[in-house]
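*Asks:* Each chain, written out:
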Amino acid sequence: MGAERLTELFGQNPSGLLSVFYTAGFPQLDDTVQIGRQLGAAGADLIEIGIPFSDPIADGPVIQDSNKVALSNGMTVPKLLDQVRELRNTVSIPVILMGYLNPVLQYGFDRFCKDASDAGVDGLILPDLPLDEYESQYRETVDRYKLALIFLVSPTTAEERIRRIDGLTTGFIYAVAANSTTGARQAFSEEQVQYFQRLKNMKLKHPFLIGFGISDHPSFTTACQYGAGAIVGSAFIGMLKNSGDKLQGIEEFVKSLKPA
Amino acid sequence: MKFSVDNRGYYGDFGGAYVPEMLHPNVEELRTRYLEILNDEGFREEFYGLLHDYVGRPTPLFFASRLSDHYKTRIYLKREDLCHTGAHKINNTIGQILLARRLGKMKIIAETGAGQHGVATATVCALMGMECTVYMGQLDMERQRPNVERMRILGATVVPALSGNMTLKDATNEALRHWINRPTDTHYIIGSVVGPHPYPDMVARFQSVISEEIQKQLMQKEGNPYPDTVIACVGGGSNAAGAFYHFLEDEHVQLIGVEAAGKGVDSGHSAATTVLGKPGVIHGSKTLLMQTADGQVVEPYSISAGLDYPGIGPLHAHLFQTGRVSFQHATDDEAMEAGLELSRMEGIIPAIESAHALATLKKNQFDPDDVVVVSLSGRGDKDLETYIGWKPKNDE
Numbered sequence: 011m012g013a014e015r016l017t018e019l020f021g022q023n024p025s026g027l028l029s030v031f032y033t034a035g036f037p038q039l040d041d042t043v044q045i046g047r048q049l050g051a052a053g054a055d056l057i058e059i060g061i062p063f064s065d066p067i068a069d070g071p072v073i074q075d076s077n078k079v080a081l082s083n084g085m086t087v088p089k090l091l092d093q094v095r096e097l098r099n100t101v102s103i104p105v106i107l108m109g110y111l112n113p114v115l116q117y118g119f120d121r122f123c124k125d126a127s128d129a130g131v132d133g134l135i136l137p138d139l140p141l142d143e144y145e146s147q148y149r150e151t152v153d154r155y156k157l158a159l160i161f162l163v164s165p166t167t168a169e170e171r172i173r174r175i176d177g178l179t180t181g182f183i184y185a186v187a188a189n190s191t192t193g194a195r196q197a198f199s200e201e202q203v204q205y206f207q208r209l210k211n212m213k214l215k216h217p218f219l220i221g222f223g224i225s226d227h228p229s230f231t232t233a234c235q236y237g238a239g240a241i242v243g244s245a246f247i248g249m250l251k252n253s254g255d256k257l258q259g260i261e262e263f264v265k266s267l268k269p270a
Numbered sequence: 007m008k009f010s011v012d013n014r015g016y017y018g019d020f021g022g023a024y025v026p027e028m029l030h031p032n033v034e035e036l037r038t039r040y041l042e043i044l045n046d047e048g049f050r051e052e053f054y055g056l057l058h059d060y061v062g063r064p065t066p067l068f069f070a071s072r073l074s075d076h077y078k079t080r081i082y083l084k085r086e087d088l089c090h091t092g093a094h095k096i097n098n099t100i101g102q103i104l105l106a107r108r109l110g111k112m113k114i115i116a117e118t119g120a121g122q123h124g125v126a127t128a129t130v131c132a133l134m135g136m137e138c139t140v141y142m143g144q145l146d147m148e149r150q151r152p153n154v155e156r157m158r159i160l161g162a163t164v165v166p167a168l169s170g171n172m173t174l175k176d177a178t179n180e181a182l183r184h185w186i187n188r189p190t191d192t193h194y195i196i197g198s199v200v201g202p203h204p205y206p207d208m209v210a211r212f213q214s215v216i217s218e219e220i221q222k223q224l225m226q227k228e229g230n231p232y233p234d235t236v237i238a239c240v241g242g243g244s245n246a247a248g249a250f251y252h253f254l255e256d257e258h259v260q261l262i263g264v265e266a267a268g269k270g271v272d273s274g275h276s277a278a279t280t281v282l283g284k285p286g287v288i289h290g291s292k293t294l295l296m297q298t299a300d301g302q303v304v305e306p307y308s309i310s311a312g313l314d315y316p317g318i319g320p321l322h323a324h325l326f327q328t329g330r331v332s333f334q335h336a337t338d339d340e341a342m343e344a345g346l347e348l349s350r351m352e353g354i355i356p357a358i359e360s361a362h363a364l365a366t367l368k369k370n371q372f373d374p375d376d377v378v379v380v381s382l383s384g385r386g387d388k389d390l391e392t393y394i395g396w397k398p399k400n401d402e
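In the order they appear, the protein sequences are chains Y and B. Counting along the first sequence from 1, when you hit position 157 you're at 167 in our numbering, and nothing is skipped either side. Counting along the second sequence from 1, when you hit position 28 you're at 34 in our numbering, and nothing is skipped either side.
Chain Y with its partners taken away, still in its complex shape (with noise of 0.2 Å):
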């Protein structure tokens, strides 16, 4: 259970693999369920599930849009475990919830972690919970439920913070591919190349996919050269919005990425 999955998943030094993050409860309320089959189906290899918060600091317009939009449309913290729940039922590929620390916190962060693991969560993503409180006072609780934590590291993390970043993240490390919020861009420029090539003769002990900014096969080709793989946001949730059929788009999507 739990982290198993990311551990099995990552433990072959695997390469080219797809991540696909997406906001629960968006653009429907019950959506959630059905968009995760699909990338299942469709050939993705993990899935990201975006926890809405009415606050959302490191997202660029897509991603707050549909965060309010999830929330306008009824999504809760225990909405979404049981969006999951059934998820799980049908989808063998690793669940990461990824969220900002305040709902977690108020729905209780032993009781989210019981649940999130219950449900067949896999592993956590909290961007704004810092590494010294995590290591004091969440660490333990995160274990118990034998759940991966994962962090991220940015252009401007200092060498020896990526090392402890390292030694704490469970399953992989996620690697922001710029200083910047979420959200499709321009084509990769040399000094983010620079950056993926640095993390990758740093020998780190976990693999690395990158974030933020991939869009399409070109920018998924670059980045699964440096990285295990690489995981894409604003992108699918622009096409999410913007399509007439969401099985079918999500299949093509995958597959543009990704082909088989």
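There could be a bad hint or two in this list.
Below, a list of computed lysine-lysine pairs in the DSS-like style, where the Cα atoms sit at most 27 Å apart [stated by the list, open to error]:
id: 1; chain 1: B; residue 1: Lys8; chain 2: B; residue 2: Lys284
id: 2; chain 1: B; residue 1: Lys284; chain 2: Y; residue 2: Lys124
id: 3; chain 1: B; residue 1: Lys397; chain 2: B; residue 2: Lys269
id: 4; chain 1: B; residue 1: Lys368; chain 2: B; residue 2: Lys78
id: 5; chain 1: B; residue 1: Lys269; chain 2: B; residue 2: Lys369
id: 6; chain 1: B; residue 1: Lys78; chain 2: B; residue 2: Lys284
id: 7; chain 1: Y; residue 1: Lys78; chain 2: B; residue 2: Lys284
id: 8; chain 1: B; residue 1: Lys269; chain 2: B; residue 2: Lys284
id: 9; chain 1: Y; residue 1: Lys89; chain 2: B; residue 2: Lys78
Think of the hints as simulated: they come from the structure by calculation, not from any bench.
Based on these hints, arrange chain B on the given structure of chain Y.
*Replies:* Here is chain B on its own, set in the frame of chain Y:
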């Protein structure tokens, strides 16, 4: 020092730096350097020099004799309303822009609600020849048109925050997002004692000039630097932090923080965070926060745009939890009445924020020889339309 920030950035249970990794280097740079810079002799000279020559400090401590007669006690007003730009906000923006220059950052961003902090930031940027971008909720831009124009005249770019409810909280989100995207050349001047450590401590230190002066002025006027009571309004809490700062450890000085009750604490239209909030994380710190059971931040309400923030600074959350400060509240109506009362009794039209502090005079018992200092944090020029449009309840 019971009420100082500890070396982890906490005041008791509150504080910390809950920021995404992309902001960590910026916040860490500030954390490791702010004390060394603030304590530097050259910095202090420049800071106090500008406060004196440019802001107009020390601001008077005025004995309000008619108000004192009315409330049968001895009331002093700390005249922050006489600062350049009309409020205490500029004490902090002067300090932070000098700090930004020492960090080699030449671009400034800020958030603003009512526009006072935005104006204070645009002002110091003009003074220093630095590029200034101010985020302001679209709704607030409509409500506070004159301050938007003031910022533009001063050369700042005002960017409407279009996310969320388009008010102060959303402007703060947008400023943080901007900072994530421009981490190396930009300093973010936060306007209150909120945000990730070290902001709450840094802003409180810059504002502490208020209580530093109160002590000196009371020594001159009363022969004793300690008042019996200090009263200040609390939105995020920067003028209160400054007015309380040098009295925090002297527990015989009664401290009263006044929050905005809006249309009533239980009306669903309020900003009384200590009553309505629970511990949570917003804008990078753990503090008391108005939120739903599901942890979504609730939009506060107050007639005063400077007080409608859903949290309070972590220092204040700690002062509330420990009982060191008595947190009280005043409704829109009570504040407006107190503002008009001061206008007619002392010839001073206060900002509606500051009027909340005045409104608690009638709710507390003071002895005739008590010395009560009220922090008059800003002037009411920006609020004229609200004053003009306001009808006392018994006139309806």
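*Asks:* Lys8 of chain B and Lys284 of chain B were given as a pair; does the straight-line alpha-carbon distance stay at or below 27 Å?
*Replies:* 22 Å, holds
*Asks:* Is the Cα-Cα distance between Lys89 of chain Y and Lys78 of chain B 27 Å or less?
*Replies:* Roughly 58 Å between the alpha carbons, so the hint for Lys89 of chain Y and Lys78 of chain B is violated.
*Asks:* Is Lys78 of chain B close enough to Lys284 of chain B, meaning Cα to Cα at most 27 Å?
*Replies:* 37 Å, violated
*Asks:* For the pair we were handed, Lys78 of chain Y and Lys284 of chain B, check the Cα-Cα distance against 27 Å.
*Replies:* 22 Å, holds
*Asks:* Please verify whether Lys269 of chain B and Lys284 of chain B have alpha carbons no more than 27 Å apart.
*Replies:* 20 Å, holds
*Asks:* For the pair we were handed, Lys368 of chain B and Lys78 of chain B, check the Cα-Cα distance against 27 Å.
*Replies:* 10 Å, holds
*Asks:* Is the Cα-Cα distance between Lys284 of chain B and Lys124 of chain Y 27 Å or less?
*Replies:* 23 Å, holds
*Asks:* Does Lys269 of chain B pair with Lys369 of chain B here, judged by a C-alpha cut-off of 27 Å?
*Replies:* OK: Lys269 of chain B and Lys369 of chain B at ~18 Å, within 27 Å.
*Asks:* Given the hinted pair Lys397 of chain B and Lys269 of chain B, is their alpha-carbon gap at most 27 Å?
*Replies:* Roughly 14 Å between the alpha carbons, so the hint for Lys397 of chain B and Lys269 of chain B holds.
The structure fails hints 6, 9 (numbered hints given earlier, in ascending order).
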